Structure formats: C-alpha cells, structure tokens
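In case you want the letters, here they are:
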Amino acid sequence: MTTRRQVTAGVPRLAAIAALLFTTGSLAAEPIKIGDINSYTRMAQHTEHAKRGMQLAIDEINADGGINGRVIELISRDDAGEPGEAIRVAEELVSREGVDILTGTTLSNIGLAVASFAAQNKVLYLAAEPLADAVTLQGGNRYTFRLRPSTYMQAAMLAELAADNPATRWATIAPNYAYGQEAVAAFKAIMSERRPDIEWVGEQWPALFAIDAGAEVLALSAAEPDAVFNVTFGADLAKFVREGADRGLFEDTFVVSLLTGEPEYIDPLEDEAPEGWLVTGYPWDKIEDPAYVEWLDRYQAAYDDYPRIGSVVGYNSMLALGAALEKTGGDTDPEKLVEAMRGLEFETPQGLLTFRPSDHQASLGAWVGYTTVEDGQGTMRDWYYAPGEKYLPPEEMVAKLRPASD
Amino acid sequence: MGFILVQILTGLSSAASLFLVAAGLSLIFGVTRVVNFAHGSFYMLGAYIGLTLVALFGDLFGRGHLAFWSALLCAALAVGAIGALVEIVILRRIYRSPELFQLVATFGVILVIQDLTLWGWGPEDQLGPRAPDLRGAIMIMGEPLPRYDLVLIAAGPVVLLLFWLLLNRTRFGILVRAATADREMVGALGVNQAWLFTGVFFLGSFLAGLGGALQLPKGGANLLMDFGVLAAAFVVVVVGGMGSIAGAFLAAVLIGQLQAFGVLFIPQSTLVMMFLVMAVVLVIRPFGLLGRPELVGQGRQMLDDPLRPTGWRFKALALALVALLAAAPLWLGDYGLVLLIDILILALFATALHAIIGPGGLVSFGHAAYFGGGAYAAALLVKYAGTPMSLNLVLAPPAAALLALAIGWFCVRLSGVYFAMLTLAFAQIVWSVVFQWGTVTGGDDGLLGIWRSPWASDRVAYYWLVLACCTAGILALRHGLHSPFGYALRAGRDSPLRAEAIGIDVRRQQWAAFTLSGAFAGLAGGLYAYAKGSVFPNEMAIARSFDGIIMVFFGGVQQLSGPLAGAAALTWLKDILFRLEMWRLLLGLAVIAVVLLFPQGLAGFLKARFGRFFGIRPELSA
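Respectively, the protein sequence lines represent chains A and B. First residue of the first sequence: 1, per the numbering used here; consecutive thereafter. First residue of the second sequence: 1001, per the numbering used here; consecutive thereafter.
One should not assume that every hint holds.
[As the list claims (entries may be wrong)] Each computed EDC-like pair below joins lysine to aspartate or glutamate, with the alpha-carbon atoms no more than 16 Å apart:
hint : chain 1 : residue 1 : chain 2 : residue 2
1    : A       : K390      : A       : E160
2    : A       : K33       : A       : D333
3    : A       : K51       : A       : D305
4    : A       : K400      : A       : D382
5    : A       : K51       : B       : E1581
6    : A       : K122      : B       : D1458
[As the list claims (entries may be wrong)] Per label pair, the in silico range of CB-to-CB distance:
hint : chain 1 : residue 1 : chain 2 : residue 2 : range
7    : A       : A291      : B       : L1332     : 48 to 54 Å
8    : B       : I1284     : A       : Y384      : 16 to 22 Å
9    : A       : D164      : B       : L1073     : 49 to 55 Å
10   : A       : E251      : B       : A1593     : 52 to 58 Å
11   : B       : Y1384     : A       : G343      : 33 to 39 Å
[As the list claims (entries may be wrong)] Residues of chain A placed beyond 12 Å of chain B at every Cβ, according to the derived structure:
hint : residue
12   : R96
13   : P166
14   : L218
15   : F233
16   : Q300
17   : T332
18   : V338
19   : E389
The hints are simulated quantities; they were obtained by calculation from the structure and are not laboratory data. A quick note: this is a predicted structure, and the numbers were derived from the prediction, not measured. Just so you know, even glycine gets a beta-carbon here, dropped at the ideal spot from N, CA and C.
Turn these sequences into a full structure, and let the hints guide you.
And the structure:
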C-alpha cells in the first residue's frame, strides 16, 4: 500500500520538474531550499499527513514555474520528539544544507526551541503546527511566525458557544504538561469573564499518555459537574471516552473538548466517538466551499487518502512561504522575508489569510461544532468555520506578553 | 461507601495488565539476570498482534467469545515466540558478558521493534476491539463499574495461581526456581541452561503479550505504549522484589490503588507518585517487598585489568588529537563545529558516567538527572538571578553535585540492579518535578533564551570554550581514577570485603565518586544548555540516561578513553541515520551488531590492535 501511495505521490512531482525544465529552461537556477523539522518518528500519525500537504503545495508551485524560475525544494528531517535534537537538526539544515527558511514542527516545546534558534541565528521560521501561545507571545520574536490557531484561539472559539450553555458546575481534565495547563487556564479565564456565575468544581491532571482512565472518570464524577472541559487527546482520549461512556459520565454532562473533532483524534474512536461534544476539529468531507472542494480533489488524486488537519496546515504553510517569496521576488534574505511575511496576504482553500504584524500569528481558523457518529464513524455536525482573525489574542495581551522586538 | 469500593475495584483492574507485564519481566530477570528493556515492546506487540488476530478470527469464526479470547491467547503465544527468538538469536550469545551488554542489546531490540511496528501497522492510533457481551457497566452499590473490569480483576489472581502451580508442581518450575536461586549450580548439575533460558524468555514475553492483548478493550494500540508501560513495569518489579512473582502482584496492586486514590486527592501527583513509592520502598527495604538480597558472586563481575599509566606515545597521540581539535575551526565547516560541540559535551557526560560504571562498578540508569541538573541550574540562574554565563558554568557542577550527593546517599547502600533501579527512580522523580512544576521550570516548554555572553556568542569561540572545559574535565576525571582515590574506588569494586578490611570505607568511596561524577555531568549539562540556547526536561529523561550508557558501551566499558570514542560514534551515527526514514531500525541493528561483534567496544578494539605500540598492554584476562 505504501509503495502505491509513493508512486502516485511521485507522479505530479516528476511531471512538475519535467514541465519546469521544458517551459522555462532554467536548469541552472539554484532551488530555494526550505528545511522541514518534524517529529516523524515520535508523532508519525500527524507528521506523515503534514508532509503530504507540504509536498503537494510545493509540487503545485513548481509546476507553475516556481518562484522567479527557481524551484522550491523541501528537505525534511526527523527530530525524534526531542528539542535538543531539533536544534541540532536546525543547525544542520542551515549550515550544511543551506536552507533559507525553517518550517514544520509539531510539538510545542520543539516549536519554542526552534523559535529561539531562529531568533539567535536570524533565520525565518514558520511554526506550522505547534499550539503553545508562547510561540508568538512570551517566546515570540522577529523571525518566528505561526500558522495554526493557538491554544488561546481554540479555547476562545469553544468558550463562545460554551458560555451559552446553562451549565454552572464545570470540571476540567487535561494532560499534566504545558499544553494541557495552558488550555485549561485560557478556557477558564475566558469562561469566567463571560459567565461570572460559573463554579469550577474539580480539575484532573492525568499524566500525558499514561492516563488511569477509570480512576480519573470516577474522580470527575465525584465532583458532580454539569459540564466538563477536556483537553486529553490521542490514546488518552480513547481510554477516557471508553471509561466515561461505560461509567455513564457523559449521560447528563455537557462536554467541551479541544481538537477532538480533528480526524487525527476522532477517526481512531470509530463508532465509539462521543455524541454531542462541543469541539474544534476539521470535518474534511463536509466542507462545500468550491475552492476547498477543488483542493480536496487534488489532494485525494495525489495521495489516494483523505486529508487530516496536518495536511491542511502543511499545505497552507507552503502557500504562505511561497507567497512571501513571490513578494520578495525570490530574494531569500531573512530580513526581507520577515518584512514580506508581516501582513502578508495569501489565498488558501480556507480563503484569504494573513499574518498579524503585531504577533506574527496567522488568521487561519478552525471548525467548531458537535461530534456525532455517522455510518459507524465519528464526525462533526452543526459545525461552522470560525475565522482566526476573530479570536486572536487581544492587542493588550500581545503588548503585555510579547518581548519588545522590532 | 459504594464509591470507595468501586474506586478500589478500578485500581485492581488497572493493576492487572501491569502485573502481567511485570511478572514476565521479573521472571526473566530472576532466572537469566537479564534486565529486559525490550519488555515494553513485547507488550506493544501483544496489543497490535491481538488487534489483527481479533479481526481475523472474527472474520473466520464469527464474532463470538471463542474467536475473541482465542485471538488474545494466540497473540500472547506469538509474542512469546518472538521473545524466544530474540533470546536465541541475540541474548544467548552474550550471557558470559557483563550485564550491561544484554541491557544495551535489548535497547537495540526496542528500536528495531518500534520501526517494524510502524511499518507493519501504520502510524494511526488503533482502537481496541470490545470483548463480546462485556460492553457497559454493572452497578455496585449504586456506582457503575465497567463489566470488562471484572475480567481484569480476575485475571491477576488467576495468572498468579497458574504461576504458582507451574513453579511448584512441574519439573520446569523446579528448574526455574533452582536457576533463580543459583544458576551456576544448576548448570553444574547438567541442566541444559540454553533451553531453560529460552523457555523462560518465551514465558516472560508471553505474559507481556497477554498484558498488551488483554488491555485492548480498555484502550487500544499505539506506537508510544512500549515506553509508556516500561517505567511502570520496572517500578512494580523493583518494589515487589526482582525475581518474585508474588511480590510483583503485591506491588502492582499497591501501585494500582495508589494511582486510583492519588488522582482523587492530589490530581497533579500522577507522574511522581509511582516513583516516590519506589524510592521509599527501596530505602526501607532495599530488595523490595518480597525480594531477597543478591547472593555474592551471582552477578557477573566486570573483570578488568588494573589501570596502568599510558606510555609517552599515547600521550603524544592524545596531545595531537587535542591540537587537531583546537584547529578544527580552520578545517571544519559551521555544522562540523556544531557536531563537535555536541560530541565533546556528550563525551564529558559519558566519561563522568563511565567513572561510576567502569571503575566504580555501579551502573547508574539515571545519570541524565545530573546532566539535566547542571543544565537547569545554569538556566534557572539566567532566569531568576540574571547572572552571567561564566558564573553559571562555574555554579552548574556544584549544583549537580549537590543533587548527586543527596540521591547518592540513598543509592550507594545498594548494588547491582537495585542500585541501577534506584538511580532510575530518583532521576524520574527529578524529571517529573521539572516536567510538571511549570511555574518555576517552564514545564515541558522548557526555559528559553539561555544566551551566551558576548565574548562566547561566536560559534568558534564557544567551541574553544567547550573544548577547553571538556578536555580539562576528562583529564581531571582520568587523573582522579589514577590517583589513590581511584585505586580505593576500584578496590571497593573488585573486592569489597578486602577493601573494608584494609580500612577503606567502600560506601563512602562510592558515594564520593557518585557525587564527583554528578558534578562533571553537571558541567556537561551547563555547556549543553548554552550550546542549544534553551533547556527542556528531555535533558533529564530516561532517553538521555540511555544515550549515556550506550555511549559508554560503544566505546568499551573497560577503557578510559572509551566514552570519547562512544560519544563520537553515536553522535556521528545519529547524524547520518537521522536523514533516513527508518533510522531507528538501522540504529537498533547497529547497536545489536556492536554488542555481538565488538563486545570490547570501539576503544577496546583499537587497544587490542594498536595498544602495544602506544604503551598500553592488551587485555590479559580472558
């Protein structure tokens, strides 16, 4: 199966290169190299799709003649899920491979490490996936931009609808590490502001990927909440959902859950996906926007597989970099690229997006809706696209948290 | 009341899977003395093979009880066969080598299985199948308990009982018990140890596979579950007493209950609780709840030649190497320097670790705590005191030494595998605190902006600083091992009784060496923090400790210059392999190949070849 996919994936790439050779004849022009650092072994379920998205965009840009006749070349490296390794790989990409731009990264701590590397070495870095607010706020810097909506933004999207729910007794469950803590803090702050009558009756902090689901569900039930805010994901989520369903936790409880609607997380739950959770996610087969549908066809033709949220982020990250390079006329000087990225507007299957100059956060949004099961498979219903620009952290927050840098 | 009862039952059910895995691990250790780090991988394989077989049998025989339970059993049998295969192909060849060898070999197996699993089953998390008719919950005094939990609660005691029958009522059991008590004697009596060991590996791996398959209805299979279960299984084995099955059961129940009630009262405690229990038990009962002290002469000693001062040719060679390295900025590119900085820092770390493993004779599994301790000391000073780099680099070693001093006090009271496990437990405690105490340490988001002072901000300047610090550190450690302090340390390793008799306080000597080793690891950590510009909890995680052990081993445990060669080899190998998709498979195979083909390590190999010329005599002992 893998080989067939690789073959089909390779066809447009070859065609693109061939087309370029014959039409522009710019064989001599050096390619523009983009370095991609990702947790290819540690988080394989995300990164494989991100890479497909990136490659599709690059193939399309190159088939269109590249940037000023130069093709874009993507050089991918595994970081093994270790920030220290990510820094070493970043050094390798910059000094040995001579890449002009760094991108990729999935885990938040690696995003932060590479952001700090980018600032120190004055290289443009587009953090595609990491969610930590600090990437653009406390750890933000001149050379770092971020594409995916941050933890704060996704929590704000959920809080908007969650505040309309009459529930007053809320409990939270989140993996006990930076992402979980940040998500709970952001959600609590926004909710308490909108609904001062809310009472936070309990919080559970299972260890990441080591949840003792039965005990956690019992502890949550003991607090007798009307509503639960969940941040667990991956294998923890599957266990939490099973135990919660078996023990009847979800029967009369309103659940709000971060990222659970993304295919990466809801698909493995199969027909046991929960009913009626308010989530952020990506209903890939239900979006009817013509630009999106056209993109979906191209993606499925290239890979014989459906896209995940990683594909969307990967694809858009290359569109953003392509647009920035167009704007500089193919100049890869990092200072010029930074100027080009600020306020850059680029057309994507999700519409026209931009990077806010004050914190370098992109306006890519997320899909908000309720989980349900259709044809034995988890999916989203009553969803809508929440545009990122509506949920960006307020400018006062940026001014307060982001270190001063030009 | 009902609530507490259900919480107890929940704790018992989560103990079941853990017990099965730990029982297998304990059995393997008890008989073969192999600390099988690949045990978590067998657990993962049990889950994945179980998934496939449940689907397959379901198609063939209908989705009834027979198909489901026989699929789980067959999955466990298949994993048992894989375990036996690993024993026959790899471990059987290295039983005569020091314990470290088997450990490193099983680490290679982990890497190989990780990539093969990814290749075979793909990257997506897999939801486990539900057991037929066992969906939903029953009510116990008004509180729901999932039906499948009843199966798990029963599974623990049933397996324990079957085990007892096997060990006490069969000839195989008699041999296993005899081998656990005195392996040499069993061999001397004419028992074919090779097949006994293979049988034990089959049984142990079978149990790990069964544990993985039985938890499918509670969760599923994913690629991170091998390391996920490993730490917990080790804690259970050590708390219960290595080699004791009943102890493993007791410990699994204890930990299951602590987890279940821990999340109720201290929800944040989940990571640290388990290791805290282990540390407390080992401090009070050094050999676990039901374990027995290791018999003298049971563990394989690392027979070493006495250290000899090197000849002038070797000194000239070392000087030439340092000169060559000092001139590296002239002939190496930017990235070459980056790699060299990593290599030098890790070489210092590995040399510090080697001092305690080789001449000290104590295998520390948790040395990353001091490497990370030094790194965090420097980073925290930057964050909260704003002190300059030079001061922080001076303060990092004493900070790490302080940590090693405190932890060492508990650890040196033990030896062998128990020492290794206690160091691991403390390292995990330190790691958990750093990982979860976000407000101070930044949690897993780490501490950023550890900038170098302006005079060292240039890469070449920093490289020279690292070269100077690491050379000085390595020479100091070398000198220490050639001094009376080092002689006393080795005396304690080679013959504790005689050392005590001539007035050496062996424990104190080991404690001092442990602290000293921690200090140098801390210096390496401080340098690493400034090399990367940031610090993360990964710097003190298990993986970092293992890297250290692999480097010591790659270079050769018996060679003082081994760690340098090992650090260079591993860093270089990773740099090459990281560009390939299946680098873990290749690295794992490389590790296994070194274990089988170069048991004396790289430096040992070179010494055997060229040692005489450089005035170091080749090995005398066989």
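These are the hints, each one checked on the structure:
For the proposed pair K390(A) and E160(A), the alpha carbon gap of about 11 Å is at most 16 Å, so the pair holds. For the suggested pair K33(A) and D333(A), the alpha carbons sit about 13 Å apart, so the restraint of at most 16 Å is met. Note on K51(A) and D305(A): the hinted pairing holds, with a Cα-Cα distance of about 13 Å set against a maximum of 16 Å. At most 16 Å may separate the alpha-carbon atoms for a hinted pair to count; K400(A) and D382(A) exceed this at roughly 36 Å.
As the CA atoms of K51(A) and E1581(B) are separated by approximately 13 Å, the hinted pair is consistent with the 16 Å bound. Restraint check for K122(A) and D1458(B): the C-alpha separation of about 14 Å stays at or below 16 Å, so the hint holds. Our hint of 48 to 54 Å for A291(A) and L1332(B) holds, since their Cβ atoms are close to 49 Å apart. Range check, I1284(B) to Y384(A): Cβ separation about 59 Å, and the 16 to 22 Å hint is violated.
At roughly 51 Å, the beta-carbon separation of D164(A) and L1073(B) lies within the given 49 to 55 Å, and the hint holds. The hint said 52 to 58 Å for the Cβ distance between E251(A) and A1593(B), and at roughly 56 Å that hint holds. Take Y1384(B) and G343(A): their Cβ atoms lie about 37 Å apart, and the range 33 to 39 Å holds. At roughly 4 Å, the least C-beta separation between R96(A) and chain B is not larger than 12 Å, which violates its mark as non-interface.
Every C-beta of chain B lies more than 12 Å from that of P166(A), the closest at about 25 Å, which supports listing it as non-interface. With a closest Cβ-Cβ approach of about 6 Å to chain B, L218(A) is found to fall inside the 12 Å limit, against its non-interface label. Listed as outside the interface, F233(A) is inconsistent with that label: its C-beta sits roughly 10 Å from the nearest C-beta of chain B, within the 12 Å cut-off. Every CB of chain B lies more than 12 Å from the CB of Q300(A), the least distance being 18 Å, so the non-interface label holds.
The non-interface label for T332(A) is consistent with chain B: the shortest C-beta to C-beta separation is roughly 18 Å, beyond 12 Å. A cut-off of 12 Å between C-beta atoms confirms that V338(A) is not in contact with chain B; the least separation is 19 Å. The Cβ of E389(A) sits about 26 Å from the closest Cβ of chain B, beyond the 12 Å cut-off, so the non-interface label holds.
In summary, the structure is inconsistent with hints 4, 8, 12, 14, 15 from the numbered list given earlier, while agreeing with the others.
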